[in-house]
Amino acid sequence: MAFVSSGYNLDKPMENRITDIGPRKYDEFYPPVIAKNKGKWKYHEILEPGVLVHVAESGDEIFTVRAGGCRLMSVTHIREICEIADKYCGGHLRFTTRNNIEFMTDSKDAAMALKKDLESRKFPGGSYKFPVGGTGAGITNIVHTQGWIHCHTPATDASGPVKATMDVLFDEFKDHRLPAHLRVSLACCLNMCGAVHCSDIAILGYHRKPPLLDHEYLDKMCEIPLAIAACPTAAIKPSKVEIDGQKVNSVAVKEERCMFCGNCYTMCPSMPLADTEGDGIVIMAGGKVSNRISEPKFSKVVVAFIPNEAPRWPQTTATIKKMVDAYSKDANKYERLGEWAERIGWERFFEKCELEFTHHLIDDFRDPAYLTWRQTSQFKF
Amino acid sequence: MAKHETPLLDQLESGPWPSFVSDLKQEAEFRAKNEENIEYQIPQDVVEDLLGVLELSFKHGRTHWKHGGIVGVFGYGGGVIGRYCDQPEKFPGVAHFHTMRVSQPAGKFYTTKYLREICDLWARRGSGITNMHGSTGDIIFLGTTTPQLEEIFWELTHNLNQDLGGSGSNLRTPSDCIGQARCEFACYDTQAICHGLTVEYQDELHRPAFPYKFKFKFDGCPNCCVASIARADLSFIGTWRDEIPIDQEAVQAYIGGEIPPNAGAHSGRDWGPFDIQKEVIDNCPTDCMWMEDNKLMIDNKECNRCMHCINVMPRALRIGNDRGCTILAGAKAPILDGAQMGSLIVPFIKVEEPYDEIKETVIEPIWDWWMEEGKNRERLGELMKRQGFKKLLEVTGFKPDPRMVSEPRTNPYIFWNEDEVEGGFKRDINEFRKHHQR
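Just so you know, the sequences run in chain order A and B. For reference, each letter of the first sequence is one residue, going 1111 to 1491 in the working numbering. For reference, each letter of the second sequence is one residue, going 12 to 449 in the working numbering.
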């Protein structure tokens, strides 16, 4: 493994340095039919799950085949995507905001051949490499965060629960039979890099134990005032601790005030929260970002805790499946999960989804909390 | 023969959804065989060790990654996230496993030529494992060693004409929906402004000068496919302020069942024949539609542009022609003080290159305020909450407008400014006492 220089000179870092050039310009990468018809598209139609046609004012058509993908992707897999795009799409492709891969062609026949080819490709373990679907009134790819593959603060994995959940929801990815589209997202801690807080169904990693305190190293590794300031509930205060007869500076945590957010750990590595029994999953539901019919909504916590059950998270996936089925059965056409819950009432939502309602689900965090308590005599038995 | 046994991960190879475990294994095998004689610049067995450490996390139910150290490329304060394994003896291949964020092209269109160049670089100088894409939108290179960071940056900038994205207390890499490139709903060119502002604000993107992260997201219409209203400190949502053009013949085609509603999105279930009254008119949130002499009528002045009718009948109804965007400020995920949705600050603004009005009346005054007043790790939305909407109006100079609120305040606790009250706040107590005994 001999070191191969790129041309960079460690002794003269500024020599021939190029900076601040930004990303490549988008229009370098447009397929010709996109470049020609940009801004002049007339309408679109989903021909079947995963296959769309867009028709331009010029009469030009572009057929898109959408395939699900793991956002965690190897270069070998990307090269296979390239080989497919070379064969069918003149060397062009794109990714969607939800990590799907879109292959575009200008004929329906080519699109159908492409679809067949995509669905014939499988990994040795039996999973599809490029399942076609993720359009219309169904479930598309789960957007997610890093989890145990790469992050220091997760309370659950990301790629694992996503794979397990998509396996369970796979039929909905391939179909258009739900009342409206349903977006599932996962964030492995409440930093929510995945911004799951406005999803129809959100899978959220959550810690339930206050930070451990590595007193011996805390003052050496951390800026104590920053760790104290990082706590949103002011649960952390400075303290002195005796270690081997020596007084050292450290912190103390008022445990009943801790909301397990991990913000202290972000500022101070000597305050880890991760714990096998403490960590697990919160399920949230009923959020959306679209302005369609009703306003965008936050997701609400509907299950306070499910343990991490690697490798397939069966309780998590079963809970999600139950909610999707209840929604599918009961909601009106075009009604998003949150709109359905609001129409039937949350008391009915819990009944229909067979979810237990516990005290954890009643908000007690600051100002907006009491606005979520029922302040009317209108409710359903 | 795999370097580490992975009995738990192996159970994620079955089932229909693409298995990331199978993919990692194929990359591990590709590197082990090295049929292309690649001169690997980081451990050849890096992916085997990645599988090994992930298996250990599946066993423990805890992560084995430590905090990032301060690593990066010279002169930049973002784009690289340091990452170290907390079991380096067991998994030396991933002892150093830093992330690099590569600024994605707007719209995420690619040529295979470019992707192959990216793959060649990353296979040689990194783990060969990516995210396509990260949550904010960048191409993510997952895992390399410290000495490779400058080498990768050099090759990116010199050979691929490609820069790093944002991380830390910077402008984060802006992102957008597919927009006018392939969507008839897009009210402005999301790719043009996303790219334009990304290039304009490279300094803010690479060199941390902000209290915390700052995100722009560009949605071409109120369907919000890029979730800007929930995720961006400044969300730009396409809209229009004239009439929705109606093709009455196409309306009849929908009514007659010749065109499937919602572009075929509901084809998997028999919902019965299309009922325009029930499915469109009764679902209109402002009740501004009706049928008259077999024609669909819209009272456009009362429309709030929710997109429902256009989504259901895209061949009969179109977005208006006087187009621009609505700007909302302050959305963020729950850390620390709870999640915030974006709040409307500009009801309508034209989106025209070089975007001077947007830059000069919205972005830059807001940044000036936030950089002056924002506390360490305080997002714009939290500053807005702490100092009030009035302050946001003051720094931008926008006139208050009922469109900025969902309802007026329910308490009368108004913080009057002294200059708003006749005579000001300074008064003479002795003068007062002449008429009011103690």
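Bear in mind the hints are in silico, worked out from the structure with no lab data behind them. A hint or two may mislead.
[Claimed, not checked] Below, a list of computed lysine-lysine pairs in the DSS-like style, where the Cα atoms sit at most 27 Å apart: (1) A:K1347 <-> B:K402; (2) A:K1232 <-> B:K386; (3) B:K289 <-> A:K1439; (4) A:K1148 <-> B:K401; (5) A:K1197 <-> B:K289; (6) A:K1347 <-> B:K77; (7) B:K437 <-> A:K1152; (8) B:K124 <-> B:K77; (9) A:K1364 <-> B:K386.
[Said to hold, decoys possible] Simulated restraints on C-beta separations: (10) B:P365 <-> A:I1128: 44 to 50 Å; (11) B:N305 <-> A:D1227: 45 to 51 Å; (12) B:P158 <-> A:N1126: 35 to 41 Å.
Remember, predicted model here, so these are calculated numbers, not experimental data. Backbone N, C-alpha and C fix where the C-beta goes; we use that ideal spot for every residue, glycine too.
Can you give the numbers of the hints that this structure goes against, from lowest to highest?
-> Numbers 1, 2, 4, 5, 7, 8, 10 and 12, in rising order.
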